[in-house]
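A.B. asks: Letter by letter, the chains look like this.
Number of protein chains: 2
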Amino acid sequence: MQFTFTDITTLNRILRWRRDVRHFRTDPVPETTLERLRATMDCAPSVGNARPWRVIRVEDPALRAGVRAEFTRCNAEAAAAYTDEKRDDYLRLKLAGLDAAPVHLAVFTVCDPAEGHGLGRRTLPETLRQSTAMAIHTLWLATRAENLGLGMVSILDPRAIEQLFTIPEGWEFSAYLCIGYPEFTDDTPLLDRVGWQKNTATTWETR
Amino acid sequence: MQFTFTDITTLNRILRWRRDVRHFRTDPVPETTLERLRATMDCAPSVGNARPWRVIRVEDPALRAGVRAEFTRCNAEAAAAYTDEKRDDYLRLKLAGLDAAPVHLAVFTVCDPAEGHGLGRRTLPETLRQSTAMAIHTLWLATRAENLGLGMVSILDPRAIEQLFTIPEGWEFSAYLCIGYPEFTDDTPLLDRVGWQKNTATTWETR
Chain A
130 MQFTFTDITT
140 LNRILRWRRD
150 VRHFRTDPVP
160 ETTLERLRAT
170 MDCAPSVGNA
180 RPWRVIRVED
190 PALRAGVRAE
200 FTRCNAEAAA
210 AYTDEKRDDY
220 LRLKLAGLDA
230 APVHLAVFTV
240 CDPAEGHGLG
250 RRTLPETLRQ
260 STAMAIHTLW
270 LATRAENLGL
280 GMVSILDPRA
290 IEQLFTIPEG
300 WEFSAYLCIG
310 YPEFTDDTPL
320 LDRVGWQKNT
330 ATTWETR
Chain B
130 MQFTFTDITT
140 LNRILRWRRD
150 VRHFRTDPVP
160 ETTLERLRAT
170 MDCAPSVGNA
180 RPWRVIRVED
190 PALRAGVRAE
200 FTRCNAEAAA
210 AYTDEKRDDY
220 LRLKLAGLDA
230 APVHLAVFTV
240 CDPAEGHGLG
250 RRTLPETLRQ
260 STAMAIHTLW
270 LATRAENLGL
280 GMVSILDPRA
290 IEQLFTIPEG
300 WEFSAYLCIG
310 YPEFTDDTPL
320 LDRVGWQKNT
330 ATTWETR
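Taken in sequence, the protein lines are chains A and B. If you read the first sequence in our numbering, its first letter stands for residue 130, the second for the next number, and so on. If you read the second sequence in our numbering, its first letter stands for residue 130, the second for the next number, and so on.
Chain A extracted, bound-state conformation:
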């Protein structure tokens, strides 16, 4: 397989226009699209080919309400940790699209999977969580290419979410994802745009 300059350009356009979306339209996402997205996660790299990510698609209104309440609680605590102007700035930010997004996914990591037979994670157990993060990023890019948006909600207490979903022993909460059609597209991170944190450049220091 040989890739061309056009392929590089396409990848860069997808990477550059991927955003952490918090502003969703409520229109449903076709099931055929969701099936393509699900299958794409299989392409993510994983330590020992263990594929330790586990995904729950959340439809139950009670579970969604539980997540929403947990976000509200954690977000209020996070706001309280800032002072003065920074707190006002924080409270002006929209940090989750939980109310409008039609698709919700709770993502977990199996911390000692049989798959992979332990390969590659003996000294760095963290590689399992890295695998799940890369699977989420794979889904993120695939979602963008489908003209959908994905938002990652991290203002949640992981132990509270694990309890809410009564997950099997050995699973660990990784992320809660909202998916749907975005209200707008942008090639600039919202936190840069609103002045919370300007973009910084990646440097490669040579030694």
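Note that these hints are calculated values from the structure, not bench results. In this text, all values refer to a predicted model and were calculated from it rather than measured experimentally. Among the clues, some could well be false.
In this list, chains with the same sequence are indistinguishable; a pair is considered to hold if it fits within one copy or across any two.
To be verified - Calculated lysine to aspartate or glutamate pairs in the EDC-like style (CA-CA distance at most 16 Å, straight line): (1) K223 with D321; (2) K327 with D136; (3) K327 with E244; (4) K327 with D316; (5) K223 with E312; (6) K215 with E301; (7) K327 with D218; (8) K327 with E298; (9) K223 with D213; (10) K327 with D213; (11) K327 with D171.
The hints should help you fit chain B onto chain A, whose structure is shown.
C.D. replies: Coordinates of chain B only, in the frame set by chain A:
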């Protein structure tokens, strides 16, 4: 920005033909290509837009030899933990391309960066490491689109690597990456191909 079905297909080809490469040719990678790869990491998502990844490009032969020795030590320990046939299988695997790959990158995560002002990581500090994993995955895909290969070496003791590089306080080792032209391309993970761990499918359980 609207993406087309052709864009989806291109992304899927890049995702499907990305491999954890351990078989490299020794030809150098043009500096202009490396500069494109470095810049692409800026497109990765990060919690609070903090971009907590730090990259050291490793050219010093003494540092490379130190990493090589650490890999040899950790790989021998890993092999010793298997018994009988599984140990023979393990020893037959080639798990790093450290000797041939022309480009080596050591990647770290800043665990309490000023950037982002703590946003989004109060309840889940793990989001910083997830950001670094997604930046590595961004680089991985960009590398593939350039017809290069990337291999992630995780059979290393993180504390030993941190000591070897005498990194600043607050940095944590995330991964060691080899980059170069691959000896062959494949759309199937090597560990599936050789029978160590067959591919498993991602399922989305609905609740």
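A.B. asks: Any hints from earlier that this structure breaks? Give me their numbers in increasing order, please.
C.D. replies: As far as the earlier hints go, 2, 6, 8, 9 and 10 are violated by this structure, in ascending order.
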